[in-house]
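Chains A and B are the protein sequences, given in the same order.
Residue numbers for the first sequence, in our numbering: 1 to 483.
Residue numbers for the second sequence, in our numbering: 1 to 166.
Derived by calculation from the structure, the hints in this document are not laboratory data.
Only a predicted model underlies this, so the values are computations on that prediction, with no experimental measurement involved.
All residues carry an ideal CB built from backbone N, CA and C; glycine is no exception.
One should not assume that every hint holds.
[Stated by the list, open to error] Over the 10 Å line for every Cβ pair with chain B, so calculated as not near, a few chain A residues: (1) N138; (2) S214; (3) T258; (4) D356; (5) D360; (6) Q426.
[To be verified] With beta-carbon atoms standing in for the labels, derived distance ranges: (7) R140(B) <-> G263(A): 51 to 61 Å; (8) D207(A) <-> A134(B): 41 to 51 Å; (9) G431(A) <-> H46(B): 53 to 63 Å; (10) H46(B) <-> F311(A): 21 to 31 Å.
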Amino acid sequence: MTDVQVDRAPRKIVIDPVTRVEGHGKVTIRLNEAGEVEQARFHIVEFRGFERFIQGRMYWEVPVIVQRLCGICPVSHHLCAAKAMDIVAGVDKLTPAAEKIRRLMHYGQVLQSNAVNFFHLASPDLLLGFEAPVAQRNIVGVIGAFPEVGKWAIFIRKFGQQVIAATGGRRIHPRLCIPGGVNQNLAVEHRDALRKDVDQIVKWCCDALELHKSFIDSHEQLHETFASFPSSYMSLVGADGGMDLYDGALRAIDAGGTPIFEGVRPADYCDYLIEEVRSWSYMKFPHIRSLGREDGWYRVGPLAQLNCCAFIGTPLAEAARKDFMALGHGGLVHATLAYHWARLICMIHCAETIRDLLFDDDLQGTDLVVTGERRPEGVAIIEAPRGTLLHHYEVDDHGQVTKANLIVSTTNNNEAMNRSVKKVAQDYLTGREITEGLLNHIEVAIRAYDPCLSCATHALGDMPLIATLEDADGAVIATRVKQ
Amino acid sequence: MSMTEPVAVSRREARILLLGYGNPGRQDDGLGPAAIAEIENMGLPHLTAFENYQLNIEDALDVAAHDIVWFIDASRTGPSPYSVRAVSPSSSIEFTSHIVRPETILAIAGQCYGGSPQAFLLAIRGYEFEFIEALTPAARHNLDAALAMLTERLRHPQPGTPGEAT
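Chain A with its partners taken away, still in its complex shape (with noise of 0.2 Å):
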């Protein structure tokens, strides 16, 4: 339901939040003189006070208590947290079977939350098209029409979770990870079941990649100009320069694919990166260092994985990768719904990496825990869901973590979000009017993106999607809540 309050006069609209968000993320676009778009921003929850929330902590607790931090992806804050910590424990390298477990784990985690995304969120926008009725443009909707469609969400996501639940002995909330090491190796009976299943769910991300390139083989135009820009990207590769989700070294590259920086360690991020805070955000604003405010910002998340690496390590998404950077001509894919295609390729990665993990004898191993010399501080980077996790840590002569800094996914994509919400509202904003079209289509740019509300709390009550058009004073003239 959608109820439109209409006032006088012009210039602001302002879309606020967001259902299940205490309201505090909003979109706000601004107009000029003329009725043109002349800003758009993007507001969205996001706790300082988590970092808090970590201080006084022992550092060997942190990985589990990290976890709490999300609800879609508290497996790559307890993987970051628990490299950082290795660090602190004094600890550079694991065992094989320590690090291939992690591995596991961490690729079953982005293949059920990319499989979240792409099924429940983005499918009904893309096979059922952007102007299909409010009422059927849905997951169910598109379990409707394309009943495979259905199988292939509950079911690559449930083995994600199959994959969390065997590594970390629960699906939610596991246990894992502890500063050097892992609790355990992957048992026999858990490996034998995952190996059953692992096939079909590689087959089953390579199909819907398949149908959704159908989508874009007849909406061309659409997926190469909405909500899209050129803009850098940031990620990290591999030694080899190879797409790797869970170690590697941070690489930027600017909007013509030249390296901003490359091959730089995560303790050395302050030296690349500076987060700014700004007045109307929750948010910071993190931008690199060399290029400034206004030129420094980047992109993370799947569009990022895939234009910063080199190569994929595995043939599926190798094969997928060479066809989608294709779109570029040579250059980089800058579409913003190009996110989704992307994200299926990781999918196809994350699917062939766990079943070459699942064949690797390594994970029955029983050394699991290294020691070292216990250090003052602590930097992991991991490739999440959503885009480049970063966490920080400073660790008193108790234990104790006396300084946390997280810059999380969404924080990356902070300035991309609300460049891609101006873009909508240049194309699709006419006159004074907050049509549900327009905001349709805001919703389908953030969505590419898949925003994490992390830390957000989870009551009812909370707010609902809001549209407010207001004048260059802030005076109201009309409100658009979605239901």
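Knowing the structure of chain A, use the given hints to seat chain B on it.
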């Protein structure tokens, strides 16, 4: 069960599923998981209880395999100590995967697996949602009241009558 086979639902006994969700690290937002923790200790028959940070689409599998489903969530604005309402299948699209509604879970359960359980939403009123891992005393009181109602309903399940809303 092979993961490629649909879930079979037996109607011989009323199988009850409780899904409590919320963020225990945000004070009263943890009412749903707290309810599940208490109920799990009761050892009630024909009962499955899960807690999670939020609902997820694969919950539809579990929902489809049960006859009665209770979604248990904290409420910021509802009546105290709790309210109960029936939930019907209905799907919507959100802007982030961090939002999944009970209605959507029911719709997927019906569409994909033919499951159509009686479903109710138990909304327990909370008051504080800061970064603290503990319920407020007032929310704890509301939880006790909700559990008293719910355990009575679980011991004597009567599909279609969720219990008196307060």
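Structure-based check of each hint:
1. Annotated as non-interface, N138(A) brings its C-beta within 10 Å of a C-beta of chain B; the closest such distance is 4 Å.
2. No Cβ of chain B approaches the Cβ of S214(A) within 10 Å, the least distance being about 20 Å, so the stated non-interface status holds.
3. Every CB of chain B is more than 10 Å from the CB of T258(A) (nearest about 33 Å), matching its label as outside the interface.
4. For D356(A), the requirement that its beta carbon stay farther than 10 Å from each beta carbon of chain B is met, with the minimum near 20 Å.
5. Listed as outside the interface, D360(A) is consistent with that label: its C-beta sits roughly 23 Å from the nearest C-beta of chain B, beyond the 10 Å cut-off.
6. At roughly 19 Å from the closest C-beta of chain B, the C-beta of Q426(A) stays outside 10 Å, upholding its exclusion from the interface.
7. Between R140(B) and G263(A) the CB atoms are about 53 Å apart, so this pair conforms to the stated range of 51 to 61 Å.
8. At about 47 Å, the CB distance of D207(A) to A134(B) agrees with the hint of 41 to 51 Å.
9. Judged by the Cβ atoms, the range 53 to 63 Å given for G431(A) and H46(B) holds: they are separated by roughly 58 Å.
10. About 53 Å separates the C-beta atoms of H46(B) and F311(A), a value inconsistent with the hinted range of 21 to 31 Å.
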